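S.K.: Listed here are the chains, written in short residue letters.
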Amino acid sequence: MFKYIVRRLIMAIPVILGVSFLSFIIIQAAPGDFLDQFRMNPSYSQETIHQLEIKFGFNENILVQYGKWLVQVLQGNFGHSFQYHQPVYNIIWGRLGATLLLSITTLVISWVLGIGLGIFAAMRQYKLGDQVASVVALIGLSIPNFFFALLFLYMASKTGWFPIGGMTSINNSEMGFFQSIGDYLWHVAGPAITLGFSSLAGVMRQMRGQFLDQLGMDYVEFARAKGMPRKVVVYKHALRNAINPLITMFGYTLSSLLGGAVLTEQVFSWPGMGRLTIQALNSQDLYLVMASLLLSSLMLVLGNLSADLLLAAVDPRVRKRFQ
Amino acid sequence: MAEKKAQKKPAEITQENLDESFEVEYMSRWKLLVRAFRKHRAGRISLVILLILYVLMLFADFFSPANPYQQYTDRTFAPPSEVHWKYEDKLVAPYIYDVMSYRDPVTYQRIYEPASVIENFEGVNTDGEKINYTLGKDGVTAISLVFTSNITAIGSKSERSLKKSTEELEMIPLSKTDMMKEGGRTETITDQATLKTYLEDPIYSYKVARIGELQSVSIEEGVNAVSVAYEDGSKKKVNLSAINQFDLKRFTIKWFVKGWEYKLLGFIPMDIHLFGVDSPAQYYIFGADAYGRDVLTRILFGSQVSLTVGFAGILITFTLGLFLGGVAGYYGGWVDEVLMRATEILMSIPSLYLLISLRAILPADLPSNITYLMIIVILSFIGWPGMSRVIRGMVLSIKQSEYVEAARAMGYPTGRIIWKHIIPNTSTYIIVSATLSIPGYILGEAGLSFLGYGIREPQSSWGLMLAQAQKLSVLEQYPWLLLPGVFLFVAILAFNLFGDAMRDAMDPRALGH
Numbered sequence: 010m011f012k013y014i015v016r017r018l019i020m021a022i023p024v025i026l027g028v029s030f031l032s033f034i035i036i037q038a039a040p041g042d043f044l045d046q047f048r049m050n051p052s053y054s055q056e057t058i059h060q061l062e063i064k065f066g067f068n069e070n071i072l073v074q075y076g077k078w079l080v081q082v083l084q085g086n087f088g089h090s091f092q093y094h095q096p097v098y099n100i101i102w103g104r105l106g107a108t109l110l111l112s113i114t115t116l117v118i119s120w121v122l123g124i125g126l127g128i129f130a131a132m133r134q135y136k137l138g139d140q141v142a143s144v145v146a147l148i149g150l151s152i153p154n155f156f157f158a159l160l161f162l163y164m165a166s167k168t169g170w171f172p173i174g175g176m177t178s179i180n181n182s183e184m185g186f187f188q189s190i191g192d193y194l195w196h197v198a199g200p201a202i203t204l205g206f207s208s209l210a211g212v213m214r215q216m217r218g219q220f221l222d223q224l225g226m227d228y229v230e231f232a233r234a235k236g237m238p239r240k241v242v243v244y245k246h247a248l249r250n251a252i253n254p255l256i257t258m259f260g261y262t263l264s265s266l267l268g269g270a271v272l273t274e275q276v277f278s279w280p281g282m283g284r285l286t287i288q289a290l291n292s293q294d295l296y297l298v299m300a301s302l303l304l305s306s307l308m309l310v311l312g313n314l315s316a317d318l319l320l321a322a323v324d325p326r327v328r329k330r331f332q
Numbered sequence: 076m077a078e079k080k081a082q083k084k085p086a087e088i089t090q091e092n093l094d095e096s097f098e099v100e101y102m103s104r105w106k107l108l109v110r111a112f113r114k115h116r117a118g119r120i121s122l123v124i125l126l127i128l129y130v131l132m133l134f135a136d137f138f139s140p141a142n143p144y145q146q147y148t149d150r151t152f153a154p155p156s157e158v159h160w161k162y163e164d165k166l167v168a169p170y171i172y173d174v175m176s177y178r179d180p181v182t183y184q185r186i187y188e189p190a191s192v193i194e195n196f197e198g199v200n201t202d203g204e205k206i207n208y209t210l211g212k213d214g215v216t217a218i219s220l221v222f223t224s225n226i227t228a229i230g231s232k233s234e235r236s237l238k239k240s241t242e243e244l245e246m247i248p249l250s251k252t253d254m255m256k257e258g259g260r261t262e263t264i265t266d267q268a269t270l271k272t273y274l275e276d277p278i279y280s281y282k283v284a285r286i287g288e289l290q291s292v293s294i295e296e297g298v299n300a301v302s303v304a305y306e307d308g309s310k311k312k313v314n315l316s317a318i319n320q321f322d323l324k325r326f327t328i329k330w331f332v333k334g335w336e337y338k339l340l341g342f343i344p345m346d347i348h349l350f351g352v353d354s355p356a357q358y359y360i361f362g363a364d365a366y367g368r369d370v371l372t373r374i375l376f377g378s379q380v381s382l383t384v385g386f387a388g389i390l391i392t393f394t395l396g397l398f399l400g401g402v403a404g405y406y407g408g409w410v411d412e413v414l415m416r417a418t419e420i421l422m423s424i425p426s427l428y429l430l431i432s433l434r435a436i437l438p439a440d441l442p443s444n445i446t447y448l449m450i451i452v453i454l455s456f457i458g459w460p461g462m463s464r465v466i467r468g469m470v471l472s473i474k475q476s477e478y479v480e481a482a483r484a485m486g487y488p489t490g491r492i493i494w495k496h497i498i499p500n501t502s503t504y505i506i507v508s509a510t511l512s513i514p515g516y517i518l519g520e521a522g523l524s525f526l527g528y529g530i531r532e533p534q535s536s537w538g539l540m541l542a543q544a545q546k547l548s549v550l551e552q553y554p555w556l557l558l559p560g561v562f563l564f565v566a567i568l569a570f571n572l573f574g575d576a577m578r579d580a581m582d583p584r585a586l587g588h
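Each protein sequence line maps, in turn, to chains A and B. The numbers in the first sequence follow the numbering used here, run straight up by one, and end at 332. The numbers in the second sequence follow the numbering used here, run straight up by one, and end at 588.
If you're looking for bench data, these hints aren't it; they were derived computationally from the structure. Since the structure is predicted, the reported quantities are computational estimates derived from the model, not experimental observations. Don't take every hint at face value.
Subject to a maximum C-alpha distance of 30 Å in a straight line, what follows is the list of computed DSS-like cross-link-like pairs (lysine-lysine) [stated by the list, open to error]: (1) B:Lys333 / B:Lys165; (2) B:Lys282 / B:Lys251; (3) B:Lys114 / A:Lys136; (4) A:Lys167 / B:Lys546; (5) A:Lys12 / A:Lys329; (6) B:Lys212 / B:Lys333; (7) B:Lys271 / B:Lys232; (8) B:Lys165 / B:Lys251; (9) A:Lys167 / B:Lys114.
Make a model of the complete structure from these sequences and hints.
M.R.: Pasting the structure below:
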């Protein structure tokens, strides 16, 4: 098992190196750099700009720049952000809370509702409940996230049921502990519902399909014929088998935990990783972008790995294959 | 499941069953496909919706009531025009009024009110003579009315006039017509809350304080004169004692009107539009945007971008994916290894970031049609890795099959085996996944334009139009700016349903094999 994990991680190294190299080249290939705004500004002398160029390493060959950055990263230093004048590590650490809060609530919404609706629909196949659930899923699948976010915002501004963006109320710091947590949850509701609604459809469809497949299997028929109560057959035997592929799927979604959702965060002005990365891309804040991209590709590798491990944890057949 | 159950029943020999087995036996694959598709109701409906959307897109110029690039700065965020069906309780052809706007003195918002010029006016002057003016007759070029209003405060001790005003208007707001027909109106305010505003008003409070306790405020409105302008520049003002009859100019919605010039399908010069109204009125079915441009028109022109990126995108993606996936799967070895590592790397970068950084490489001020092409190329660049991986997998499995081995044994060149034997066997998958991947391209373009990296003003795209609704103050007051999103949603939904139907129809079981 341990060997397997190590082998997977070693195999991921060239991919991550490739990602970092490609992104570095693409970002640096864009015309101009972070210092352009200073070059336009007459209050910065030619000399200062030249010094800054040397400081940021812009005067060197792209490959040399990449090599230097790579050495830095391997030493555990992600470099300084140009625009925030802070270590990149600190900035990303500061956004981690908001990003995780949003992605975890989204995960809870989409998975709890998705699995529930999927089971519900499968049990009522071709009846009204099933059809309503599949229409809901289809709408969730087809509605663009940012449009749904705008609709939600419109609803929030007209009814006042939800806040219109941001992560906290102005007076959050004065609130008590539980009140403050409630305030966070109230604010995260909008973006989390938006994102959860769109990913709910995938979970629901998968759950319904798998569950129906299992219900049609011979062992289910046999267990029923043996006189086992329907509830036990359905929820203990069929459901457990049906949920396996979903566990793999869950592992893959773990990779998006730190990725952030640019468009939704933008509409709800949520201070997550997505907006951070976009702003950094806009101002060509090279090292910040690189750190964020590296983080998401690392998460992808870990997510895929965790998908396999999770499956091994729940399915003895898979476990056997590893040994 | 339903199909399985149906199969379990012992087949009765009926005419219908015989027909069915005959059709399955002798129809061509294409005919069977159409037959299977027809049975899918959601698929049929979505196909019709898509066809309508594409016809609207192709003839966008003809269907648009307004020029998509013409700005009307005096009509920013004008609301959807109100269509009237009745005039003086009689049914008439649908018509609209022009609008006038003013800034709300408190909130500084522009407020629109339906209004129109007077076309025909009959009244009695102070000497008791009847007067009659008609626009365009006897050289009359404009008829304006002089409105008077008089606000009086009535206190416990005395009365005092607060404000007297006269105002000459050429555009008569619709809200004043009832008052004009009644020959003036007096409104008495006794409501305490409204009275309080007079007491607190910085201008009125001084006057109100001197008349004791404020009991009521009366507002008198009326029309006291008509002013007529003539062709030669002269003006005549007549004091009125009564208004007998007046007609506001109505703008009937006309079919096949002449409007701005365009080229139908890009080469037929025309200036006929499906519907419209005479200027200076503007018929806004869906309201106007921040520059006073018709939202419907912008949506129709936006569809030319939003509905075509999908097809153009899959064309490039599939060519690339088929070629690279086919080569990787067929040859294997180091070619396969290199290509698959490359796809892994590309798929590991979050696609939106990759899109934006790729867009950033290109200069920002490209001409609009080049930008459009570039967006398609970038979107396809993101799309090909997934596609080629799947094709590679299929080619790997097909390669093992006997007919490919037979072809190889017969000495066919490799290229011919790939293109003639292997690729056609992936066609079912390709067609279905092409349809289902179109929404991704539409969304990609919309997202890019929404964030400001895609199509730029004055060009139009659904994502770009939604970007205007991003500001909360705008979104709150002008919800019709959300309409492009509805079109986006409908188009994506239709493609999803259509793709599902295609998948079901191409299922060998549905074809009767």
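S.K.: Check the structure against each numbered hint from earlier and tell me which ones fail, lowest number first.
M.R.: 9
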